[in-house]
Amino acid sequence: MRENSIRINALELKNVDILNSEAPKEMTIVLDERSLNFDFDKSNVKPQYYDLLKNIKEFVEQNNYEITIVGHTDSIGSNAYNFKLSRRRAESVKAKLLEFGLSEDRIVGIEAMGEEQPIATNATKEGRAQNRRVEFKLVQRETVQGSTATPTTNENK
Numbered sequence: 001m002r003e004n005s006i007r008i009n010a011l012e013l014k015n016v017d018i019l020n021s022e023a024p025k026e027m028t029i030v031l032d033e034r035s036l037n038f039d040f041d042k043s044n045v046k047p048q049y050y051d052l053l054k055n056i057k058e059f060v061e062q063n064n065y066e067i068t069i070v071g072h073t074d075s076i077g078s079n080a081y082n083f084k085l086s087r088r089r090a091e092s093v094k095a096k097l098l099e100f101g102l103s104e105d106r107i108v109g110i111e112a113m114g115e116e117q118p119i120a121t122n123a124t125k126e127g128r129a130q131n132r133r134v135e136f137k138l139v140q141r142e143t144v145q146g147s148t149a150t151p152t153t154n155e156n157k
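Going letter by letter, the sequence shown gives residues 1 to 157 in this note's numbering.
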């Protein structure tokens, strides 16, 4: 697993303990494949994942993070198609987070990885299901004299 990343499932998100230490400045949340995944060739967020996204929204707000949403696919289909599908997945998650009340200025980027960063084998149905995912890159907002700095423009947004 990448440095500064944590793997969690929906139940563990609320229990990420940063109270006893300083919150990390940057981290990537890699969701357990059972927490938020997509059906084959789909980008809609299923209602069963709404509570998870609400938990992520709260976590981002309570810990003063900005978020980049990174979409991924399995390897079935062309590279170009999978790149577009992974972007649609990230955009779909962004729309839900906004619907649940996350301030738009907290979402500083959308990244589409297509099939380029699998976390499991694409040779099996189960592995492909794990690869159809989103990840969340979190960066703690810089504060200037007690106020939050304004995020800079991001071309990936």
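It is possible that some hints are incorrect.
The calculated EDC-like cross-link candidates involving lysine to aspartate or glutamate, where the alpha carbons are at most 16 Å apart (straight line), are [to be verified]:
id: 1; residue 1: K137; residue 2: D105
id: 2; residue 1: K54; residue 2: E104
id: 3; residue 1: K137; residue 2: E61
Derived from the structure by calculation, the hints contain no laboratory data.
Need the status of pair K54, E104: alpha-carbon distance at most 16 Å? Status holds; Cα separation ~15 Å.
Hint check: K137 vs E61, CA-CA at most 16 Å. Holds or violated? OK: K137 and E61 at ~14 Å, within 16 Å.
Could you grab the alpha-carbon distance between K137 and D105 and see if it respects the 16 Å cut-off? Status holds; Cα separation ~15 Å.
Checked against the numbered hints listed earlier, the structure breaks none of them; every hint is satisfied.
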